[in-house]
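Full structure from sequences and hints, please.
Chains A and B, in that order, are what the protein sequence lines are.
Per the working numbering, the first sequence starts with residue 2, numbered consecutively.
Per the working numbering, the second sequence starts with residue 2, numbered consecutively.
Accuracy of the hints is not assured; some may be wrong.
As the list claims (entries may be wrong) - BS3-like mimics (lysine-lysine), calculated; alpha carbons at most 25 Å apart, straight line:
id, chain 1, residue 1, chain 2, residue 2
1, B, Lys44, B, Lys361
2, A, Lys27, A, Lys56
3, B, Lys271, B, Lys226
4, A, Lys111, B, Lys338
5, A, Lys226, B, Lys226
6, B, Lys93, A, Lys361
No lab work stands behind these hints: they were computed from the structure.
A quick note: this is a predicted structure, and the numbers were derived from the prediction, not measured.
2 protein chains.
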Amino acid sequence: MNASRGKTNESVVASLHEVAEEMHNKMMKGTAPTMSLPVRTKKNIEFNKRLGVFKYGKKRSIRDATSLRSANQLLRALHIIEFIEEMIDNGKSSTLREMYYISEAWGHGKFGSQNESNNLAEDLEIVTKCMREDFKLRPEEDGARMIGDITINERNRKGDWMTINARDDVGDSGYGVPYNVESEKIRLIANDVDFIMAIETGGMFDRLVENGFDEEHRAGLLHLKGQPARSTRRILKRMNEEWNLPIVVFLDGDPWSFRIFASIAYGAIKTAHISEFLATPSATYLGITADDIMAYDLPADDLSSKDVEALKAELSDPRFADGWWQDQINMMLELGKKAEQQSLAKYGLDFVTDTYLPEKLAGLGLI
Amino acid sequence: MNASRGKTNESVVASLHEVAEEMHNKMMKGTAPTMSLPVRTKKNIEFNKRLGVFKYGKKRSIRDATSLRSANQLLRALHIIEFIEEMIDNGKSSTLREMYYISEAWGHGKFGSQNESNNLAEDLEIVTKCMREDFKLRPEEDGARMIGDITINERNRKGDWMTINARDDVGDSGYGVPYNVESEKIRLIANDVDFIMAIETGGMFDRLVENGFDEEHRAGLLHLKGQPARSTRRILKRMNEEWNLPIVVFLDGDPWSFRIFASIAYGAIKTAHISEFLATPSATYLGITADDIMAYDLPADDLSSKDVEALKAELSDPRFADGWWQDQINMMLELGKKAEQQSLAKYGLDFVTDTYLPEKLAGLGLI
Chain A
2 MNASRGKTNE
12 SVVASLHEVA
22 EEMHNKMMKG
32 TAPTMSLPVR
42 TKKNIEFNKR
52 LGVFKYGKKR
62 SIRDATSLRS
72 ANQLLRALHI
82 IEFIEEMIDN
92 GKSSTLREMY
102 YISEAWGHGK
112 FGSQNESNNL
122 AEDLEIVTKC
132 MREDFKLRPE
142 EDGARMIGDI
152 TINERNRKGD
162 WMTINARDDV
172 GDSGYGVPYN
182 VESEKIRLIA
192 NDVDFIMAIE
202 TGGMFDRLVE
212 NGFDEEHRAG
222 LLHLKGQPAR
232 STRRILKRMN
242 EEWNLPIVVF
252 LDGDPWSFRI
262 FASIAYGAIK
272 TAHISEFLAT
282 PSATYLGITA
292 DDIMAYDLPA
302 DDLSSKDVEA
312 LKAELSDPRF
322 ADGWWQDQIN
332 MMLELGKKAE
342 QQSLAKYGLD
352 FVTDTYLPEK
362 LAGLGLI
Chain B
2 MNASRGKTNE
12 SVVASLHEVA
22 EEMHNKMMKG
32 TAPTMSLPVR
42 TKKNIEFNKR
52 LGVFKYGKKR
62 SIRDATSLRS
72 ANQLLRALHI
82 IEFIEEMIDN
92 GKSSTLREMY
102 YISEAWGHGK
112 FGSQNESNNL
122 AEDLEIVTKC
132 MREDFKLRPE
142 EDGARMIGDI
152 TINERNRKGD
162 WMTINARDDV
172 GDSGYGVPYN
182 VESEKIRLIA
192 NDVDFIMAIE
202 TGGMFDRLVE
212 NGFDEEHRAG
222 LLHLKGQPAR
232 STRRILKRMN
242 EEWNLPIVVF
252 LDGDPWSFRI
262 FASIAYGAIK
272 TAHISEFLAT
282 PSATYLGITA
292 DDIMAYDLPA
302 DDLSSKDVEA
312 LKAELSDPRF
322 ADGWWQDQIN
332 MMLELGKKAE
342 QQSLAKYGLD
352 FVTDTYLPEK
362 LAGLGLI
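Here it is in structure tokens:
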């Protein structure tokens, strides 16, 4: 699967016009316009063999302008289409929050909450097969930061291409990945690393940087900042595909980290319509595993009732259906414990880079 | 007040040894060691006329090794002192979270929660008149990011000084401010701006960047990321003092934003022992003010009961004692509303840079 997309502004506007045109045509024929969308829940995601990722299945819900609520949604969709076209014309972008406030001027199309406007933006992605980035819409959250011998070109806001090496040209906080990492904004130029390690917490990222792990083990380090933004998953995907670099994921050991991994490797439920652009099926979960908690006798906390609930939900999640994951999840449930990646500091500040990571990476055949 | 500090590793270790020595001497004399610390609450902060910031007042609590709990605290303090000295010797640093886990090996000195270890690190700052950065301890949170024609030198982990311009040498996500911005790590080299604007949300920071506000109005832009980290407040202070640049603060309009401003301008309650290094008394609150909500008819949310409680607490907070703040707080209470800075998007994506900010900055005499 080639993840390059190369949507032009013109093709995006054309796709949006199609949506409006279809509604218009139906109304001209005297029928109520409709919009048909996949059901976006865990129960409706399926493994797509050709793409190697999880996508929405066949269950669909239909929006029909004969109900007031659905008619409002269609009206809002038309307003969004107009707003996106304006941004494309003016070379602008907008946060999802700004779009929510912009809807103040849309009369009956005004959103009741930001959740509504976010979901509708995702609906439009599904219908047009575009991505939010094509619509010039972006989230609030920060992107990842990266350190290692990786050279990229970034096109800055003036349209100039800048060359940035994520080891030599940045301070200790690293290269900040922008919200849009498509090829019109970011080009992957060169690297001198053997693999990319994606890390959940800033504390662990900084530990690996301070200990020089990236140089000693020829690694590119990427701080995920918790639940990874789309741009984070997308740049991991691109580095994996364009550079053929293995992606290793180093997270806390709890049910939420398992979910983070699933969104990186298999596709997130909310973005299953674009899993082929965001998910990296060959990514490997390095730790903290449930067996690590025992093997390394890590300081651990009791699972909360929410943790247990999340683990049980994962047992029936199709993305965790394979034997290794079922074992890990059941082991954590039995153990009744979770552990943070920084708990490795129990054995001193260098234990993670001198002992834990080399042992785990050797187990994966990566060093 | 000159905010430069220039503590050497040797002087930090000497200060820590003094603490240990004092305990040792008392024990040799057969008396129980004690540690006397200021009470760290809103009720015990006072305006310091000489420094122009809020500092702890005279109320003190005494830790006395005749109780088991206090004896444990003193034991922990000694372990921390040893740990810090080791880090200084080895050129290492540690997150506060790592230190908490490291205490697993300290027997009776093991911390029960990270809150305990964080507080004790702050206690040691107070006793030694050092800063946490001197101890090589750092938080988890990310530092600010900055865009504008500002040139700094940053000493990287190899000890080399790098020159970085926060407009020309960085991507759209800007220059990431590291956790330590003391002079041994960061040098302020040159700037071509008229003022610094500190901004609460990433969405608004990105809006100003996209609209070219920094270039048009000769501004340095800094993204606070909510409650600002120490390094963020410290670099604002340094730019204000070393470059004589006005600091303008642009936040949401709610009680929590007022608190953010107080921590920037007057000193935070938790760090009142080092207010003279972190607070910038001349910083100005630009908005969103309670009158902005009315004057610009902004989309606003009802105050929650927690908001009302926070506003009422601010009315009796000595930092908000002046007339302007009392008016703003009372106005917000009367109005019963709060508004986000991104709500300005009601009037379109350019309203904030074309209308709102120029009007407000003109009111302050800054443009």
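Cross-check of the supplied hints:
no., hint, in the structure
1, B:Lys44 x B:Lys361, "34 Å, violated"
2, A:Lys27 x A:Lys56, "29 Å, violated"
3, B:Lys271 x B:Lys226, "18 Å, holds"
4, A:Lys111 x B:Lys338, "20 Å, holds"
5, A:Lys226 x B:Lys226, "13 Å, holds"
6, B:Lys93 x A:Lys361, "24 Å, holds"
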